[in-house]
Amino acid sequence: MTRELLSGNEAVARGAYEAGVRVAAAYPGTPSTEILENLAHHREVYSEWSPNEKVALDVVIGAAYAGSRAMAVMKHVGLNVAADAFFYASMTGAEAGLVLVCADDPEMYSSQNEQDNRNYAKFARVPCLEPGDSQEAKDMVGVALDMSEQFDGPVMLRVTTRISHSDTLVELGERMAKEPAAPPEYRIDRAKYVMVPGNARRRHPIIEERVSRVKEFAETFPYNRVEMSPSTGLRRAQPGNSGQGAGLGIVAAGVAYQYAKEVFPEASVLKLGMTYPLPERMIREFSAQVDRLIVVEELDPFIENEIKLMGIAVEGKSILPICGELDPTIVRQRAVEAGLLPPPCPPRSLPPRERGGQVKLPARPPLLCPGCPHRGLFVVTNKLKVVVSGDIGCYTLGFLPPLSALHTCGCMGASIGQAHGVSKAGIAQKHVAVIGDSTFFHTGMPALLNVAYNQSDTVVIIVDNRTTAMTGHQQHPGTGMTLRGEPTLAVEFEPLARAMGIQRVHTVDPYDLKAVEAALRDCLDNPGPAVIVSRRECALLPAARKQWMALAVNEERCNGCGLCFQVGCPAIVKSETLDEKTGRARAWIDPLLCTGCEICAQVCARKAIMFREEMV
Amino acid sequence: MINFLLVGVGGQGTLLASNVLAQVGVRAGFDVKKAEVHGMAQRGGSVSSQIRWGEKIYSPLIAKGEVDYLVALEKLEALRCVEMLRPGGTVLVGEMRIPPLSVSSGDDVYPGDEEVKRIIGAVTDDVYFVPSLSLAEEAGNVRAHNIVVLGALSNFVEQVELETWLEVIAGQVPEKYIEVNRQAFQMGRASRTR
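These protein sequence lines map, in sequence, to chains S and Z. First residue of the first sequence? That's 1 in my numbering, and the numbers climb one at a time after it. First residue of the second sequence? That's 1 in my numbering, and the numbers climb one at a time after it.
These are computed hints drawn from the structure, not numbers from a lab. Treat the hints with care, as some may be off.
Okay, derived cross-link-like pairs now, DMTMM-like style, lysine to aspartate or glutamate, Cα gap no bigger than 20 Å in a straight line [claimed, not checked]:
#, chain 1, residue 1, chain 2, residue 2
1, Z, K64, S, E337
2, S, K360, Z, E83
3, S, K122, S, E209
Could you put the whole structure together from the sequences, leaning on the hints where they help?
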């Protein structure tokens, strides 16, 4: 048996392969992206980037209706987009296993909120499995598919950033022989799959009854297990013993189980592999054997509230935080504060010997890379002082100083609808929407249709860097390439915008500041909807890298005015030399970072930054 | 149980180094867990990776004050994490210095070498500055500075044979860079003997 160190995401991909998944679809989103990227290496599985999560989920539901095991993958907020599909799939069930892998992001490492998607599982009456490491992440894909087939409904596999992006050892298996000799006949069952009210009314009781059956199944589900402390008996015999956690009963799932095992080595633990629905008898028996029952879980008190509904005394969020990610440090600290553990003795972390002159370390926030084409656009929107309704992608980082150029970011595709609303409400300033290429395909298109249909003076700038950059360069419908590396047609924005009814359409290169300004002025000065496609490929794409060339500052011309620092490029630095007249530091360009985009050179009023053709 | 914390800046090769460290642990017969945090941007942000070797590892994250080896490819990043270190733990710092934007724009000051030593010295005396860039350049490629630092670290991890390190490195880098990286590792290893 081969054992490999796999990330949770790699393990889910492997699990889907081994369990005979035939169709998988996703939209990229941290922390889930690598699942489909890894699955795409297995040619036996058809895998695709869909334009958004709702489409991805509909695709895999169709595949499961057609009798093939199928998997959709998304980050937590993706399920907001796909929720409509999620709920009808719960109502209909399918002809083959259907699993939704959902990656929550406690601590919001790369997200706008930290919603706990276990609530969706309960909301839609869908069982929820939570792996605690990569081995379980792999195995639970197959378990979820088996359950989906046994109970005729989708199953949610909920991972978190820490599971997705941690590597642990996994025993690999073989792919189940699931390839049929001939395509199966599509089984027509209108009463089950046509969710008109009459059919839906008949289905609803079946779904509620399914929850009861899964609940019973959970009582003997092997991934729900009790690990009784060997010292429980001792602890009960000596009630005066302050204890090292003996007598303590912990309920935990996912990565929180690992923290609990590390922090409470003496406690009894009920490890839940299925967090919805819960095994009530198992919990009741466990709670009867311990003195104090504590749920260790991240984000919402989901398990805690379910246990409370059973009428069992339990604590959780009165001890542990509801916001942010847990880790062993936090769990231990809160346990000590709650009297669950004695204070560390000696202190675990000695106070630093000398704390005099506490230093404030400079932060290192994420930023637009040197050569980023978004920078050119934002330099112009700043110059024209426009309000920018923003969206989700690398360009969101334009909100950071010194550019401070982007003024809202809510969810995927929000910018265009917001800008239309701003336009209808009316404001003193000019305003635009800025949305990325992949984001436009994701949920921007219906909003642009609305701008055309309901006619507003909305200027939509599609920042087309030819890739889904933020999540690590994934393909999308405009790139001409599929997830599986196959060439396909590339959808173009300009004819698409015109077909939607937008008559004023410009295409500009964001490295050409004058052209951007001219196009933007034309759109702002004329009434009616307009689209500007700001097209320049991401500076980190391989073809762009080949064009990199460092620029330099002509020291004799630079007087340290600092205009170039306002473009916020990491490659432009204050040098050691001061201008004699002004006393200000001259600019210096780091040749290791500069890509030669010439945005700073165009901004410089004294022509002190050399253009490419001046560099010999 | 051995807890490593590897830190650096995006694009420096922190994740490659942490992959090597994790695989070496597997080869040496340990249970291994590795947890990574990478910032939102493609590059330029702080990157950190925690690697744990042991008989049986539960948490992929190391508790504050329990890091045995803090390995920093960049000086400022080392300072951010000193409080994670076990009192008396070991720190290896590569010589790279990458000023964040707030420093290059003049709003913040990058701590000087004395300041770096003072801050780390408050937690431990076991600090080693590795001439990672100059050794990597001597080995034939400055980008191998991460492997130089691993070479220096290997002196402290006596449970693992030299060959294991070299085999794992060979499996993690493109074939044409294997020799340069082996060389870089050996130079790092020779730079610092216990």
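Here is how each hint holds up against the structure:
Between Z:K64 and S:E337, the direct Cα distance comes to roughly 17 Å. Compliance with the 20 Å bound is thereby established for this hinted pair. Between S:K360 and Z:E83 the CA atoms are separated by roughly 14 Å; this keeps the pair inside 20 Å, and the hint holds. Only pairs whose Cα atoms come within 20 Å are accepted, and S:K122 paired with S:E209 is accepted, the gap being roughly 14 Å.
In the structure shown, no violation is registered for any of the earlier numbered hints.
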